[in-house]
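Asks: Spelled out, the chains give:
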Amino acid sequence: MATMATIFERIGPAMIADPERSCVVVTRCGLITGLVATGLAALAVPAGAATSAVAKFRQEVYPTLEKHCFKCHGPEKQKSGLRLDTLSPDLLKERRAAETWRDVRNAVNLGEMPPDDEPPLGDGDRRALIGWLNTQIDEAIQAQRQAGSGVVLRRLNRFEYSNTMGDLLGIADDYARDLPPDSLSREGFKNNGASQGFSDMQLENYLRVARDALSRVIVSEPEPPIFRERFTEPFKDKGYGPWSATLGRTGTFVASMNEYPKSGEFLVRIKAHAVPHEKMGYPQLSVCVGYRADVSAPFRELGRVDVTSAETQTFEYRGRIEQFPLPVRVQKKYNGLKIWLRNVYNNGTHPESVEPFKVPTAQILIPEKLVDPKDYLTFPQIVIESVEFEGPLFAQWPPAEHRNILFDSARRDRDESAYAHEVLTHFMTRAFRRPVAAEEVKNYFSYYQKIRAQSDSLERALREALAMVLISPDFLYLVETAAPDGRRWLNNHELASRLSYFLTATMPDRELRRLADDGKLVEADTLRRQTRRLLADERSGQLVEHFTDQWLDLGAVDRVAINPEYYPDFDNARKADMRHETQHFFAELLHQDLSALNLLDSDFAMLNEPLARLYGLTGPKGIRFERVALKPDDHRGGLLAQGAFLLGNSTGNDSHAIKRAVWIRKRLLDDPPAPPPPNVPVLDAVSPHFARLPIRAQMELHRKDPACADCHRNIDPWGIALEGYGADARWRDRILRKEKVGDLLQDVLIGVETDAVMPGGDAVSGIDALKRYLLEHKRKQFARALTSRLLAYSLGRSLELGDETTVDELTQQFTKNDYNLGKLIEGIVVSEPFRTK
Amino acid sequence: MKKSWHLNRREFLRGLGVSLALPFFSSMEVRGATRTTGAVARPRRFVTVYFPYGVSIPGEGDEQAAWNWFPKGEGRNFQFNNSLKSLEPLREEVTILGGLSHPHGRKMNGHDTSDIFLTGAELTGSQLNNSISADQVAAEHFANQTRFSSLVLSTDGGVGETTRASTLSFSRTGQPIPSLNNPRVVFERLFGVNEASKAEQRRELQNSGSMLDLVQENARSLRRRLGREDQQKLDEYLASVRQIEQRVVSSQEWLDVPKPAVDASGLRLDATVDTPLELIRTMYDLMALAFQTDSTRLATYQIGNMAGGLADKFPSLLGFGQNMHNLAHGWNKPGGIEALGKWDRFLTEQAAYFINRLKTIQEGEHTLLDNTMVLYGTSNCRTHDNTNYPLVFAGGKAMGFRHGQFLKFSEKTPFANVHATVLNRLGVPAESFADSRGELTELLA
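Chains as they are written, first to last, in my numbering: chain A, 9 to 845; chain B, -3 to 441.
Bound-form chain A, shown alone:
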């Protein structure tokens, strides 16, 4: 009972200080009484209880199941992948079985099972079945809550690792470049401890990356010279090329430097103005850094921006020179580091526009031949006034990131060993996100000493010892040590990490660390304040980006190739825009305190100029995303009209009604259809004019087979209602198909048909009706689904039976708070699962 006392002590002050006592405190008290009760119960409920439950199952429940269920969910058939005769009736031991039993109970309670064409359950049978299920499920929930929060030791995933390395070392970079992709949980999340694996290849990579990074951060060479250059005229390369200070559809301003820094941060400052075109968007300035090899030019984009004014504008970009392709020193013909400035605005007549680059690998630039004189009439222009380069940038030598680790100290010269120990302790405290005991430093220090003895510099030895810190589990994992008996509250530093990785996908910042050090973070009002602070900070963009990416599978756009035979004008650069569209939309709801029901339908969209153009809308002039008001016949409100969903769940030639349907049920409603069964029966060959049939009719053909119909009648309608959108996410009233005639493919245009009958019998036609249907009939289910997903993401684990009450309470609050995302996130942060181990 010593633990109970500690728990009381720890949360005592928070309970008193909590301004919103009502629900939160109740939850917490609930947990405490729960712990006490089950703690005692654990002594009183021996193994015999489970045995008697199993005996009861055999006597009272099994015969009912046998009579009503095994025909479809037994040894012969396993419809929806469900087999009941072998499902363990021991819910206390089998967590997954308990979840399946919960689904069984829900299906019976909702009257979905047995289905209409089977004999119904008798009253007595039903009571016995539901009674047994209720008792067992409740006991399983209690047992799980007592056993611990279920959060499994989890490793920083790719982007968390990369962000953390950047923050810890002070140099941003893609540190996860060569790490294998993250494994996915069943909800599609990449931060799930249970589904993460670990391999030697991974560890090897962490070590290599750590050594590389530390050799850049901790410098041992003398202060380097600073290079400053200013260009007002483009570099003329052998007298030919599209080199120009005016950038239209063609034209490149090149700045070339024979002398440049080898490493470190640099600055490029550009002064320019626009010659706008009244009917087109802003010209887009793309700034690239690299070199010219011969006909090819490896480079990487430093930045891209709209030039919006006819008055002079100044743009500044910073980068690390070593992250860009640098000239090979032996190269003679085209020597020097180059900065390229181009106008990458695409007015739609130039489909092969430059893809935006994210990956820092070399790209190939093919210079265009001539400046088109007609350009001046047909294209928005940029006039470059000057380009300045300065680097490396540092206020003093060694640079700040070095001094942040090897801090100034008088001790350094007096007692090197003590200094090294201090550096290590300081670094470990930040890397492990908690105070470290002297005992813990011991091994790292002894490794330092070993290396120091064989090398001539302190820096070299420290680099090695710090690399050891960066491959230790305390850094790579979010460590939460075990409670002596079952569940416990997180301590301040553990909570700081959970919060920080949830909201910003990186290590706790200075303020969180300070609050944790002072022992204040466990207080509920402090937690709420910090949540609001971080959500308001731009770093919460990490939550928006990664949660929407994973929840909604926005990456699907990269797995689909749009077929130019069907969509000749489609520009692949829109795929990234579509991903950003959904992210900006979610961010707008979060930051403007708008209802999350906007995800189902909204009267605005978040668009930039190229995407608005694709959708046939006007408003935005540049690449920045902005809010665009929608009229009803624009057909662009809500997630279901957004490109990432529509394109990502298409075939590249056409829509894919089933993929879209499965996406809605899985991701928006948390009601995924069963996976395709094994050994699907062979369907009859179909009409030769199959291509002329609308998808609805094609699917009806398939549904003739009762084996398919069972599942498909609950899947298909969701997708059919969205047939008004092609694979390219544009609104359409005709569908292009290719029909084989002899050896040739012939274009066939067919009409769009969107009539569908939803499960339950409501007739729905088209997206507007589908959205109304969702808002009227599925609002609650959607709110619960979003709450569950956000909670699962925040915890880094799949939800379990024991979370039911939390999800119910959070959903209730969410609904009461007008579906406000910020308040939902606050609620999650102060909820019991988030604060316990």
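What the hints contain is simulated information worked out from the structure, not anything from laboratory work. Remember, predicted model here, so these are calculated numbers, not experimental data. Hints may contain errors.
Per the computed footprint, the stretches of chain B lying under chain A, defined by three or more beta-carbons under 8 Å from a beta-carbon of chain A, are [as the list claims (entries may be wrong)]:
id: 1; region: 150 to 164
id: 2; region: 230 to 239
id: 3; region: 244 to 253
Note that beta-carbon positions come from the ideal geometry of N, C-alpha and C, so glycine has one too.
Put chain B on the given structure of chain A with help from the hints.
Replies: Below, chain B alone, put in the same frame as chain A:
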């Protein structure tokens, strides 16, 4: 003595094309084999190539019957249909296997069986624990005889999600082994040259060794403070530390063995999922080079997976008009047989390229193909149907295989008999594998 087989000069091996002309490593023999036996023992290799979703199989008498993946006829008396036609010149190097499947796979969902292709495990219900894959059984056996115990490749990289893994290889404990998908990374790993001097490299390796010892000690003390489930997670970390420690030790041994000098200029190391043909060929080239240089004896390569991964768009990009999943699902739609058949043919052509490449590399009186078993195929016949796997088994003649036949089996013969045969022929002592019931003697001379 144990390195007696090493080449004592640095051979120069080019990527594509040129290497074919070189009688490379003709002096090579298996490490540890004694000269007293007279004959030189050649390394034995095994490679598996998997593609998802199944193939085109029109019904009997269908007018599109020429697009049936499986040949006409049986035994030695068979004719290739369109899809496998590119194997005709290699007829005496391959056997087509029909009717095989994993009995456990037949109980599993239609898109879930790639995970067990090489393991034969049952992934149903709430227990989704896989078991070790055949290639890894062999990799354990050959550990330290080559610089890399195995080469695990795929299009998507990493491990993916359970039942839709993006790897074919699973460890002793059933953990998925992350696959590599970037040709540049694969090349660097196999053949990249470390600029540092040997003394420096040795010192770094020794330092790494001490570092890992200490890291392990720390992790063990952390382990004591963790809950049971967390301890299991940390054990994966600890296992990796031990593996790298072993690698650090063997790397020191390997330090004196120069990495084979391979010129990348003929290889398309910049190939990505947006250039599928180049990507697939480059991965095949890299596997051939890895075998040729005896950098490893085991390789697996998964071209796309049933999660609808990055390879799903390959056929669209290559002008086959549909993505992979839709081609597979469209086989019963008008024109669907042929559309899928053409994609099958494309994939076979790439496999044929690889088999042929192995065949043109001489190893003593045999070829590299004679010393390599190639298993090519998938775990669906038609999409969703987990029976009658379409399979090509090629190579291994020097290990006692005979070819030039189309063998049909009933469901009584478990697919794992193939795995058991492979392991035995590799010289890995394995009485059985998964649910095997013996060797597939029909494959043996």
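Asks: When the structure is checked against the list of hints, which entries are broken? Sort them ascending.
Replies: 3
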